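Make a model of the complete structure from these sequences and hints.
Here the protein sequences line up with chains L and F, keeping their order. By our numbering, the letter at position 37 of the first sequence is numbered 37, and the numbering carries on one by one without gaps. By our numbering, the letter at position 95 of the second sequence is numbered 95, and the numbering carries on one by one without gaps.
Think of the hints as simulated: they come from the structure by calculation, not from any bench. Here the structure is a predicted model, which means the values were calculated and not measured. None of the hints are false.
List of simulated lysine to aspartate or glutamate pairs, EDC-like, C-alpha gap at most 16 Å:
| hint | chain 1 | residue 1 | chain 2 | residue 2 |
| --- | --- | --- | --- | --- |
| 1 | L | K121 | F | D99 |
| 2 | L | K123 | L | D26 |
| 3 | L | K38 | L | D59 |
| 4 | L | K121 | L | E34 |
| 5 | F | K48 | F | D15 |
| 6 | F | K104 | L | E40 |
| 7 | L | K81 | L | E97 |
| 8 | L | K43 | F | D100 |
| 9 | L | K123 | L | E34 |
| 10 | L | K123 | F | E92 |
| 11 | L | K123 | L | E91 |
| 12 | L | K38 | L | E57 |
| 13 | L | K121 | F | D100 |
| 14 | L | K123 | F | D99 |
| 15 | F | K108 | L | E34 |
| 16 | F | K104 | L | D26 |
| 17 | F | K51 | F | D15 |
| 18 | L | K43 | F | D99 |
| 19 | L | K121 | L | E91 |
| 20 | F | K104 | L | E34 |
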Amino acid sequence: MLEKSNPALTVTLPSDWEIVMTRVFDAPRSLVFEAFTKPEHVKHWWGIRNMTLPVCEMDLRPGGAWRRVLRKPDGTEVTFKGVYREVVPPERLVYTECYDDPGVGSPEWLTTVTFEEQDGKTKWTGTCLHSSVEVRNGHLQSGMEEGVKDVFARLDDLLVSMQQGVA
Amino acid sequence: MSPDRLSTTFAALADPTRRAILARLAAGETSVKELAEPFTISPPAITKHLKVLERAGLISRSREAQWRPCRLQAVPLKEVSEWVERYRTLWEQSFSRLDDYLHKLQTKEKKHARKK
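Here you go:
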């Protein structure tokens with residue numbers, strides 16, 4: 001439902017251990033897969049506003065390591081890293097992911113990414129599976145400036161009907 | 001909005017029955033009896049849910065009328081939706097850059113194809 005007002009990305013929490021995101025890209029699957037898996041491409045888009053990506057290493061094979069360093073405008077850096085478990089071009093990637101955050105420690109989770117072809121477009125689905133609800137919430141929180149500790153998924157329908165009801 | 005208040009809101013919204021109650025109230029204020037009708041749980045259980053929602057500031061109950069109508073309070077929901085939006089936006093920043101980048105790559109590919 002939220003897709004109506006926000007056509008792009010959906011974020012849901014289907015269980016206590018998961019975060020699932022979906023997004024459709026207007027490009028063929030092979031190209032989208034490349035854009036996600038080659039450092040020379042990733043450097044062009046991955047990151048957060050006002051941050052740079054000085055390091056992006058991807059040893060794209062099962063057992064291969066990946067590492068990305070995000071540099072904030074104040075010079076501090078956050079390192080994201082992990083190991084590939086499955087690499088099936090151009091449809092599927094499974095890898096571990098973790099980062100160091102003074103607020104939440106070094107949570108690690110397993111991310112499964114699928115690329116599906118849909119009429120010349122590509123549906124991307126990323127599922128992050130955490131070892132506990134605490135790690136999941138820590139991961140969620142890390143994207144925020146303050147602590148949001150609990151569920152905010154499956155609200156989309158409700159929020160839309162609320163806003164319509166209020167409007 | 002303080003994180004604690006946000007946690008209270010999220011905790012209140014984490015229950016499907018409470019979400020259904022709120023969705024029902026979005027259509028307008030109503031009595032507890034009317035609210036309970038579509039649910040299989042008992043009126044006392046509904047009252048419990050209403051108390052949680054009331055504490056979270058998501059609903060208010062009028063003390064004027066005898067039937068104490070329940071009413072949706074939109075402010076906390078608006079705040080939650082702003083937080084959801086913030087998390088989404090964080091990712092969407094990268095993805096909209098990727099949209100542009102994919103578009104560029106495709107344009108380049110087409111040019112290449114024409115040259116051949």
